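Take these sequences, add in the hints, and give me the full structure.
From first to last, the protein sequence lines are chains A and B. Take 1 as the starting number for the first sequence in my numbering and just add one per residue. Take 175 as the starting number for the second sequence in my numbering and just add one per residue.
Worth flagging that the hints you see were computed from the coordinates, not collected in a lab. Source: prediction; values computed, not measured.
The calculated lysine-lysine pairs, modelled on DSSO-like cross-linking and capped at a C-alpha distance of 27 Å, are:
#1 LYS299/B <-> LYS329/B
#2 LYS329/B <-> LYS3/A
#3 LYS43/A <-> LYS11/A
#4 LYS236/B <-> LYS125/A
#5 LYS3/A <-> LYS236/B
#6 LYS47/A <-> LYS84/A
#7 LYS273/B <-> LYS286/B
#8 LYS125/A <-> LYS84/A
#9 LYS84/A <-> LYS117/A
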Amino acid sequence: MSKLSLPVSDKDHRQGDPDAPCTLVEYGDYQCPSCGHAYPIVKRVQKHFGKRLSFVFRNFPLTEMHPYAEPAAETAEFAGAHHKFWEMHDLLYENQDRLDDALPFQLAQQLHLDPEKLRQALASKEFEPRVRADFRAGVRSGVNGTPTFFINGQRHDGAYDFASLVEAIDGVLV
Amino acid sequence: MTAILTPGTVAPDFSLPVAPDKQLSLSELRGKPVILAFYPADWSPVCGDQMALYNEVLPEFKSFGAELIGISVDGAWCHAAYAKDHHLHFSLAADFEPKGAVSRAYGAYREKEGFSERALFVLDKNGVVTWSYLSPVSVNPGADGILEALEELEK
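Okay, structure coming up:
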């Protein structure tokens with residue numbers, strides 16, 4: 001079974017207690033419909049486990065198939081540099097059906113981030129190395145598509161509906 | 175079911191269409207590592223698609239000087255449409271006529287279904303298999319095994 005090759009660290013975007021007994025890692029793509037489908041499920045799973053679960057999101061954009069995935073990922077990282085990663089992550093998934101070249105700027109404005117600074121960050125590819133690093137580590141960990149989940153470092157090969165994720169996480173919490 | 179070729183075996187040479195008007199022979203690629211990725215069919219579901227993943231990982235493969243070839247029994251025109259739609263930047267070989275002959279030579283053909291296994295081979299610069307892997311047909315094997323095998327070649 002494939003394992004997370006790069007351990008979760010404070011460089012990651014993480015929700016919840018770093019000392020929680022279970023950490024769920026998602027490798028995702030903002031333009032991937034399956035990730036969009038998984039987004040509200042993960043929210044429910046987080047609510048279900050509360051303090052016992054922390055959640056980490058890493059980038060895995062399939063850029064050739066999803067032309068807006070890379071700029072979206074870099075936009076979330078840009079927001080992260082301004083302490084608004086999760087706000088942007090959530091807005092990108094909640095508005096996935098209208099993701100295009102313009103949406104990141106609208107969302108930046110909504111979060112009171114400077115669209116001009118975002119434009120510069122995207123043009124200079126400031127956050128591309130971060131996104132690539134996530135992608136490379138994902139490939140090495142056996143990420144073979146999106147979304148791919150890891151539960152306490154082990155790849156979750158089962159389904160990712162609510163019941164399946166809860167069952168898998170229960171399995172490491174006992 | 176026959177077993178796939180194992181490390182140490184000289185990879186059988188082949189010449190297959192990689193475009194409607196272009197043939198590729200394995201022997202032309204001597205001198206660099208080669209990744210052969212047999213897969214069941216073009217047009218499988220999108221986000222978990224093995225060839226789309228390899229397309230993204232291509233720069234990593236290239237950093238080892240390796241050449242990637244995808245092989246299925248789909249015809250050259252089908253491959254061309256699939257490669258165009260998915261923006262693939264590597265060759266897809268058509269093991270189309272006689273159907274599945276190359277897949278069979280590598281032990282990577284499913285007689286009952288009539289398509290290739292999901293099987294991976296890494297060849298060294300002399301055309302010898304150094305790593306091979308047979309994945310369950312419905313599971314995308316990812317790229318981690320290939321990258322590890324390419325790293326081994328450099329040791």
